[in-house]
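S.K.: Next come the chains, spelled out residue by residue.
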Amino acid sequence: MAKLYRAVLTTLLVTLAATALAAGTLRLAITQDEGTLTPYTYQTGYPGYELMALIYDQLFLLDTELIPQPWLAESLEIDGLDYNIVLREGLRWHDGEPITADDVAFSIGYYKTHVLGRFTTNANKVASVQVHDERSLTITLSAPDAVYVQIALADLPMLPEHIWSSIDEPRQATADKTIGSGPYKLAEYRTDQFYRLVANTDYWGPAPTFDTIIAPVIRDETATFQALLAGEIDVASRVVPAGVVSTFSSRNDIELAQGAGFASTILIMDITQPGLNDVEVRRVIAGSIDYDQLIDIVLLGYGTAGVPGFLHPATPFANPATGEHQRITADEAASRLEAAGWTRGADGVYANSAGDRLDFEFLAPSNNPTRLRAAELIAQSLNAAGVRVTVRAMEADALTELAWPGFDVSAGRNYQIAIFGWSAPVNAQANLRGLLHGDPAKGTLNLSGYANEEADGLVDAAAVTTDEAERRALLYAAQERLAADLPLIPVFYQDGIYAYRPAAYSGWTFMAGQGIIHKGSFVSR
Amino acid sequence: MSWYLGRAGQYALVLLAALTLNFFLPRLMPGNPLRFLAGEEIGMLGPAQIAEVRARYGLDRGLLEQYLTYMKSMVIGDWGYSYQMGRPVIQAILERLPWTLLLVGSAMLVASLIGIVVGAIAAWNRGRSFDTVSLTTTVVVDSLPTFWLGMLMIAVFAVEL
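One line per chain: the protein sequences are Y and L, in this order. Under the numbering used here, residues 1 to 525 are what the first sequence spells out, in order. Under the numbering used here, residues 526 to 686 are what the second sequence spells out, in order.
Excised from the complex, chain Y in its bound form:
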């Protein structure tokens, strides 16, 4: 069957190989269909959002260090809750219509009324928008937000009002509606097959690097990298598996770009359950995991060990004081559990006087080999420490439904321990409030049932504090709270390793925590 798939794929790739001979064409393999590449129809955060952002511009653009730089906006002046924005002169949509302050106001309003995970929450922080003239407007927030430029103004793609005002079902927007203002235009889209983007020759900003970008959908990992080795594609959006890194690095026609990945792999626990509600038990669990072994065996060295404060050490607000997990031996684990009132029974399982037993079911996703293998190794360490866990592999969607029923924290939890993870933005945006807050409306990622007033106060204050030093102190304190209470245990962060053919293009830059596919890599600087 794989052979047949490859036969079909080869036909497509041979066609692409012919087109690549034309100068200025980049062939970029993506892993799945990304809809019509509008802000409402792309599918994945990476590379889907980034491809969409080649077509749609934001007011600001994050550089590789995640610092917002003016993009459609020429200037910004923050006055309390008011964000006074002036747009650049002479901006135009792909169809030639001018981009005005009304379009910006419309976009924010549209994201408010048409719910979408990534954009609606941040659009909802806007209390009102006042348009002064064609190019200037004032956005007024309902509460202070220190990172609004980074998480919203540099994230929300601007929509042309003259097109989107008549779209009521944005998730069904067709390709003829894919009209933005970005450096590339969508020229052709064949569902499940490929995208063809062409340079926007009238672009206001830095010139597009390529005349044409062809993005074929190659679902199979092996087929993707064989196509790269054979020169049928120039770059792949897929992370190079650790096992084949050495194959690629030994070739001189292929180069690798490597950097920290902010997507996390964490151990989550329902800390309202007997046994797991004892912080000493959670500390024994965190101390018994061999993080270095996990990185060596599961990631073959390409990763960073999880830190108890959650934030990746390379993120700007990571607290160096929370340090690394304190490793303990099996003997230390035993004495700490006994000191906390747990005694080892005849079957080797610890129990307390109330009859609670340290015997848990440990969920792992069967279709994610990295996490499944990590879960098995963690289980060995925990069993040796006297905390009995039984790994139960299940399909990732089924696991998510148990840990996070209906994607709604207020609906409770139906698991004990699971291996899970959050995408890169949680780290990049230091979203500790989402992870820790006890109120489901704020702690939308709090899958542990953690509720701590001090932690709530810290993350609430950090969300509205605009003074950088003060905000840093609050986020540091929140990480210390997290490291002490361990409602979740960060396990590791896998590095991003991407492969490309330098003969086709070598100007790739690595966006911190994410990868090489971002707007900055596709325009001349």
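Keep in mind the hints are simulated off the structure, nothing from the lab. Ideal Cβ placement from N, Cα and C applies to all residues, glycine included. Among the clues, some could well be false.
Said to hold, decoys possible - Below, computed lysine to aspartate or glutamate pairings styled on EDC-like, alpha-carbon distance capped at 16 Å:
#	chain 1	residue 1	chain 2	residue 2
1	Y	K442	L	D603
2	Y	K442	Y	D145
3	Y	K112	L	E577
4	Y	K125	Y	D460
5	Y	K112	Y	E97
6	Y	K177	Y	E188
As the list claims (entries may be wrong) - Only part of the chain Y face toward chain L is listed, based on derived beta-carbon distances under 8 Å:
#	residue
7	Q32
8	S142
9	A398
10	G406
Go by the hints and put chain L onto chain Y.
M.R.: Below, chain L alone, put in the same frame as chain Y:
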């Protein structure tokens, strides 16, 4: 006439059973459609916004009400939108229908031609070796699981040859 009516009734029952299964199977399976409806970063939404999405797509209604709405929409030809495939269901079906018909039609034509000729020759030579061999071959091939035979033939004709 009543034979035709009976047959039509049988087909209607099969169709009803298939549609019912089609409705309930995804709801019995693990997973949640919200990620298709509100995008990958659904974790940024609070309970109120999730409730809004559920209400917008009718997922907050009772299962029976959803089923009746689904059946009504099927009857009036509103087959809905596939968020996974990013296009209306009817369009996805129409894209594939010509090829399906071509494949089924040509297969039937070839099968009928071969069947009639081989059958006639076998009948002409009743009890002789051709009759025995053709009958045995037919029974064996007919007993093989289609999916397995199909994979073998793809491997032989599409890949190897």
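S.K.: Hint by hint, where does the structure go against what was stated? Just the numbers, ascending.
M.R.: 1, 5, 7, 8
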